[in-house]
Structures are given as structure tokens and as C-alpha cells.
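The numbering used here numbers the first residue of the sequence shown as 16 and each following residue consecutively.
There may be inaccurate statements among the hints.
[Stated by the list, open to error] Cβ-Cβ distance ranges computed for the label pairs, FRET-style: (1) 195 - 139: 53 to 63 Å; (2) 202 - 33: 16 to 26 Å; (3) 26 - 385: 19 to 29 Å; (4) 26 - 298: 19 to 29 Å; (5) 356 - 184: 22 to 32 Å; (6) 233 - 82: 47 to 57 Å; (7) 369 - 22: 19 to 29 Å; (8) 138 - 271: 50 to 60 Å; (9) 154 - 322: 19 to 29 Å; (10) 323 - 57: 42 to 52 Å; (11) 107 - 350: 29 to 39 Å; (12) 67 - 154: 17 to 27 Å; (13) 79 - 364: 37 to 47 Å; (14) 65 - 151: 14 to 24 Å.
Derived by calculation from the structure, the hints in this document are not laboratory data. Every residue gets a Cβ at the ideal spot worked out from N, C-alpha and C, and that includes glycine.
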Amino acid sequence: MEMNNPKRDALHMRMALSLALRGTGRVSPNPLVGCVIADSCGVVGLGYHAEVGSAHAEAVALERAAERARGATLYVNLEPCRHHGRTPPCAPRIIAAGAARVVAGMADPDPRMSGGSLSMMREAGIEVVQGVLEERCRQVNRGFISRLERSRPWVTLKGAMTLDGNMAMPSGESRWISNSSSRVRSHLLRAANDAVMVGIGTVSADDPLMTVRDTTGSDPIAVVLDPSLRISPSAKLAREGTVILYSRKPSEGKMRCLEEKGCILYSVDADPKGRPLLENVLGKLAERGVNRLLVEGGPGILGSFLTRRLFDDVMLFVSPRFSGRGHGIGEGFVLERLADSIGVRVASARHLEGDLWLEGVNPCSLDWLNGPRG
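Based on the sequences and whatever the hints tell you, model everything.
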């Protein structure tokens, strides 16, 4: 088999990326990683990182390839690890297996790595190729990279609204603006993110569960922004594992009651309006290993993220109807000039049984993700 074949390298890297995506929503704080091993006869081993604590993609693929890994090429979308974590390092195992060539989509941004394992494998006599489909590899692990390089998760704003931009009626009624197909897609979005955030206003009005239903997938961490810790102990979100961030001193009794229910409480600095400062909120979530955050709050919380320009993706479900006066998306987000508006690059627009599903990305986030490193 011709060793240096760019088309073959790209084909196998696409296979590795497809495998990596199978771990979506289950591997954080780890990255999404897939691995393909091929020799002159074709693919001899496949693997992906399935969940936190399980074997890494390279280890799974090497075990399946067995002796056929010797002299073969190993394709992996992210530089193999060389440090001990929950599982043994992969780079020494690749060397021991006798791989002749390693093709890595990108270097690992983890400071413990810094290209070290690629150098280790080169020193062991393995041919190493780096940067195959690198832009796509970065896109797949954008949350992991964001947490390490920006100290915050990759943030997706999600909302359902009418044609005139309302997320709720004047009374606060919002069930249901979107149709059942849109709601299923919303639950798939939850399953693809590590955490889902709402504000205390949504908790008080709707008493949501914020779990994955109507589809398969793991429940994300529930996050509540609650400046004065007003959440009722009887709320559905007052449960084990819910992260609540506050910015004003609450009563000791209220804190103790919520902690006894298993809630995780964080005090963060306040913004000028006394609400949790979003930069600090995102920093706390990054410290907890959250790579990707879905913001599902109402108009107020979405407006706060827009005002601070702290978002990367937008997911909007638009119902084809007018609702008149109501609560518009992005309340509190006020600009004086059109020139100051925030542009979003539309990635897709699809019909969902009558609703319109718009996916967009913040161009500044794309520039950061795909720009020069260092």
C-alpha cells in the first residue's frame, strides 16, 4: 500500500471523525476521539471513546487490530495522550504495537500534551503526519478546545419564537410555541450538550425538568442562574446534581436545604444589575469540565448572553404565526445603531413539520476556532 496517499488519509480521517461523534454527550470533560487502523488490505481496527472512564479510541482500535497493527497506519482525529488519567496513556501503546505511521488530525490543546506524544512517536521511528482535515477536527471538539483555550464552554443559545420574535405572551404563556417535531429536536440538542442552563424566571414560571425525553441520550447537567437563591425546594430542578449560581448572599437555612437535596451551589460576582456575572458563571462551569453549554432560558437570559457577546452557536425554532405583543427574544439587549448589531452566519435552515429550524454560528467564534494558534 502506498504510505503517503492524501486521498486515503482524508477518507480514513473522515471515518475516525464519524466514530468520534458516537461519544457525543457522554465523554466530557474528555474530547471526542475516533481511531481507524489500516494496512495494505484495508481497515483492520476501529475504535472510539464511548464514555468517561472507558478505554480510549486508540486502545480499542489496537485491541481489535491485534497483530495486524504492526506496520499499519493509525488514524486519529486528536493527538494520542501520553499522560496517565483514568486509563493508561495511548502513545506508548501505539509504539509497542509497532505501527509504522500515525496520522493525527490536530495536536491536543491540553498543556500536558503540547505535541509531546507526536514527538515521542517520531523519536520511536514512527512516521507522523499532522493536520489532516484539521478544521473539521477542531469543529468536532470545539467545546473541549474552548474549555482549555478560552476557559469557558462552547455556548449555544436556543429559543422557540413566533414570526414576530416573541418567546412568550404578555402573561408569560409559552407552551407550546414550537411543534412536537421541534421539541424532539430540542431534546436531541440537550443530549448533545454537557449542561443546559435556565434562569430563575423560567424555573418559577414553568417548573421544568430539563431532562432528555422523547429520544435517547444522557441527561445534561442542569444549571440555574438564581441571583438571590429564590428557587423553591419543591421545584423539579431542586435535585441531585443541579448547579445553582447566585450573586447575593442568601440565608444559611436556604443554602443548607438545597445542599441537602444534592444541589451544588456557587457564589459568583455580580454584574451591575446584581445578577451573576456571566464570564464567572462560564468559568465555574469550565472548572467542572463542561465542554458544551446549551442556554435554554427565557428572553431575559438570552438577552444577557447577547449583550455580553458570550455565545458561539444559535438554534432557533420559528413558529409560522404572529402573536402580537409579548416577550421578545433577547429582552434587555438594546442597541442604538444597526451598525452595532451582531451578525450570525446561517449554517442551515430546515423545515420541521411546519416550523423553521435555523442554525447559525457567531463569525467571531469561527475566526477564533479556525484562526492561527499560539
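Note whether the CB distance of residue 26 and residue 385 lies within 19 to 29 Å or breaks it. holds, 22 Å
message: 37 to 47 Å was suggested as the range; check whether the CB atoms of residue 79 and residue 364 agree with it.
response: holds, 40 Å
**Prompt:** Is the hinted range of 19 to 29 Å satisfied by the C-beta distance from residue 154 to residue 322?
**Reply:** Given range 19 to 29 Å: holds, Cβ gap about 27 Å.
For this session: Confirm or reject the claim that residue 65 and residue 151 have a C-beta distance inside 14 to 24 Å.
Result: holds, 21 Å
Between the beta carbons of residue 67 and residue 154, is the distance compatible with 17 to 27 Å?
The hint (17 to 27 Å, Cβ to Cβ) holds, given that residue 67 and residue 154 are roughly 22 Å apart.
- Starting from the hint 16 to 26 Å, judge whether the C-beta atoms of residue 202 and residue 33 obey it. Since the Cβ atoms of residue 202 and residue 33 sit about 23 Å apart, the hinted range of 16 to 26 Å holds.
Q: Using the beta carbons of residue 195 and residue 139, state whether their distance is inside 53 to 63 Å or not.
A: Once the Cβ atoms are compared, 55 Å apart, the range 53 to 63 Å for residue 139 and residue 195 holds.
Outcome for the supplied range 19 to 29 Å, where the beta carbon pair is residue 26 and residue 298 = violated, 40 Å
Exercise. CB of residue 138 to CB of residue 271, is that within 50 to 60 Å?
Worked result: Holds: the Cβ-Cβ distance is about 56 Å, inside 50 to 60 Å.
Practice prompt. Look at the Cβ atoms of residue 356 and residue 184 and judge whether their distance stays inside 22 to 32 Å.
Written response: holds, 26 Å
Range agreement (Cβ of residue 350 with Cβ of residue 107, hint 29 to 39 Å):
54 Å Cβ-Cβ, so the 29 to 39 Å window is violated.
Quick check: does the Cβ-Cβ distance between residue 323 and residue 57 fall within 42 to 52 Å? Between residue 323 and residue 57, where Cβ atoms are some 50 Å apart, the hint holds.
Of the numbered hints stated above, those contradicted by the structure are hints 4, 6, 7 and 11, listed in ascending order.
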